[in-house]
Amino acid sequence: MPQSASVSTFRDTNSARDLLVSLFRRNETVLLLCLVVLIAYFSFASGSFFTVRNITNVLGQASLAMIAGIGVGVLIIAGEIDVSIGSLAGAVAIPLVVIMNHGGSLELGIAGALALALLVGAINGYLAAYLGINSLIVTLGSMFVIRGGIYLYTGQKAIPDKQGLESFYQIGNGRLFGTVPYPALVALALLIGFMYLMRHRPFGRKIYAVGGNPEVARLAGFNVKRIKFLCFIISALLAGIAGILLSSRLGSAVHVAGLGFEFQVVAAVVLGGVSLAGGVGSLFGVALGVLILSFLSNGLGMLNLATEWQLVTTGAIIIAAVGFDEMKRRRQ
Amino acid sequence: MSEITQPVTSTPPVRRLAENSPIVLFGLLVILCIAISIGSPQFYSVENIIAILRQCSLVLIIGAGMTMLLIAAEVDLSVGASLAFAGVVAMDVTNQTSNVWLGVGAGILFGGFVGLVNGLIVTRLKVNSLIATIATMMILQGSVFLYSRQAIQNHNQLPAFTALSTGYLGPVPVPVVIAAIVFAGTFVVLRHTVFGRYIYAVGANRQAARLSGLKPERLTLLVFVITGLLTGLSGLILASLMNAGQPTAGRGFELTVIAAVILGGTSLSGGRGTLLGTLLGVVTLQVINNGIIILGWDQELQMVVPGVVIVLAAYLDLVRRRAGAR
Chain R
1 MPQSASVSTF
11 RDTNSARDLL
21 VSLFRRNETV
31 LLLCLVVLIA
41 YFSFASGSFF
51 TVRNITNVLG
61 QASLAMIAGI
71 GVGVLIIAGE
81 IDVSIGSLAG
91 AVAIPLVVIM
101 NHGGSLELGI
111 AGALALALLV
121 GAINGYLAAY
131 LGINSLIVTL
141 GSMFVIRGGI
151 YLYTGQKAIP
161 DKQGLESFYQ
171 IGNGRLFGTV
181 PYPALVALAL
191 LIGFMYLMRH
201 RPFGRKIYAV
211 GGNPEVARLA
221 GFNVKRIKFL
231 CFIISALLAG
241 IAGILLSSRL
251 GSAVHVAGLG
261 FEFQVVAAVV
271 LGGVSLAGGV
281 GSLFGVALGV
291 LILSFLSNGL
301 GMLNLATEWQ
311 LVTTGAIIIA
321 AVGFDEMKRR
331 RQ
Chain L
333 MSEITQPVTS
343 TPPVRRLAEN
353 SPIVLFGLLV
363 ILCIAISIGS
373 PQFYSVENII
383 AILRQCSLVL
393 IIGAGMTMLL
403 IAAEVDLSVG
413 ASLAFAGVVA
423 MDVTNQTSNV
433 WLGVGAGILF
443 GGFVGLVNGL
453 IVTRLKVNSL
463 IATIATMMIL
473 QGSVFLYSRQ
483 AIQNHNQLPA
493 FTALSTGYLG
503 PVPVPVVIAA
513 IVFAGTFVVL
523 RHTVFGRYIY
533 AVGANRQAAR
543 LSGLKPERLT
553 LLVFVITGLL
563 TGLSGLILAS
573 LMNAGQPTAG
583 RGFELTVIAA
593 VILGGTSLSG
603 GRGTLLGTLL
613 GVVTLQVINN
623 GIIILGWDQE
633 LQMVVPGVVI
643 VLAAYLDLVR
653 RRAGAR
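Chains as they are written, first to last, in our numbering: chain R, 1 to 332; chain L, 333 to 658.
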């Protein structure tokens, strides 16, 4: 009797999972189709769009939002949100550059930057997951505090990289075999790693469970608070990595770096089919969402449209995509 | 049941007081004022108090709408961008027509139009308001530059336009009068009209509200339009204050407004909040900002301190609610 019960529940979860997987697949197919159409259109419209140089450029630019988007995606799937990532991505450049300016190695600087990200993630996670304060408020607060902290420390000026390490320049601007930008490789590696984690590891499945229904997850014996706490850490660390690459591209610690980055990333994540209600979405979708927005803004630039048009179209596409997605969901 | 019996039985008066969030915030405000005035006596000068009130009025006008939105369990992040655009439109129309009142009308109507669009996206397309208004924020930030790349100056130098922000009605600055009228109006609407009670009902439990015959979509749409109109009004005052329509004005203003409303005890999950709390939240944040300046501290602290205060306020609110639930 207990055996048959367990078998049947196993089947149930399996078929439910199959259903979910096929649903996700459909959503991602649509996104993939959009991306292909977009690329095809711009290739016809502009001769210089579909070149190795330009495509790899876009991938390099997209990788920062992709890296941060993976973290935010995981966190939103867990039913929480982090809007402090833009400030954090700007802030990590300070320990990085300051350590290098004092003669430290790049590795030491990166360690310092990630330590700051870890600290911020732990504070956000403790306040939101353990104390139970709404995560939008917590991270809105830390967004202010971190940005204010940056301004206080830098006096609203950029801190230039005085040592000029070649390796520091290379991590953000270098290319493997002269073609694939390193940030794109970092993004790809993280994407594969976290996709594996979310789909095939118990921890990933627990994140979906926690985001879908925290009460049920708790009754199933999951440590909901700890899982959410870890997701805040993941989000902060990935924002930190994005910030390190950004500062390498800028060649300094810029006090306004990452301003508005959080909105861009959250928009891409939601465009990728992750529901703000939690428990729904995939990181592959997030990657597609980021790529669509990046190719869109690059392609519009190629057509010599004013950069302001990029903002306008991006906004309109987010509304259309999310609205379409909602309509589809209500039909089913 | 327990709510009624608790005060009668054995709750100590101090705790009863602590459970009243506006009173706690008011106490905090009083302590802040005393502390700042000890550090710098000029805090109580008439000029300084008027400066604080003038700064409060811009935030309070939008904050009144934002409070209603948050009570209805929605949010609007586009108010900062809309504020700037409305100011540009108001200034432009004033220049074109040499008529301040047409400019005033255009600015307010522009804000209302943005609110209408936001409301339609949220209620018709069912897009989550956080995402929808991030998207409209992007659209507004982009299109305001397409409309005008530079600040639009007050070409005709109409004194009536600047009077909107720098004028006085008796001893009181005009923006403060406007903010007071807006506050009184929205206060009455929220507390004493059926519409106001419906907003609470929709925010607390949308499904239950629908089942009892309310039309949550229509109510939500209306609250978005009200917030939009108030944003237009505030944008107009800001343009008048700068004597120009500045496309880059209002960046991050949405966060200041939301911070003040949350500090005032309005819940992000809807159904709870008061305008009195918002008023106190707005004044507290502006007194902190002002204090940082007149005490000669680093101006950058103006971002750090509110950040800490918001989180602290949210935590205190949580503790209070848990104590109440027990």
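If you are wondering where the hints come from, they were derived from the structure by calculation, not from laboratory data. Each hint should be verified, as a subset may be incorrect.
[As the list claims (entries may be wrong)] To give a feel for the contact side, a few chain L residues facing chain R, derived at Cβ under 8 Å:
id, residue
1, T468
2, E549
3, I642
4, V643
Cβ coordinates follow ideal geometry from the N, Cα and C atoms, glycine included.
Cut-off 8 Å, beta-carbon criterion: hint that T468/L touches chain R: holds (6 Å)
So, V643/L near chain R? Judge it on the closest CB pair being under 8 Å. This interface hint holds because 4 Å falls under the 8 Å limit.
Mind checking the CB of I642/L against every CB in chain R and telling me if the closest is under 8 Å? holds (5 Å)
Regarding the hint that E549/L lies at the interface with chain R, is the smallest CB-CB distance below 8 Å? violated (14 Å)
Checked against the numbered hints above, the structure violates only hint 2.
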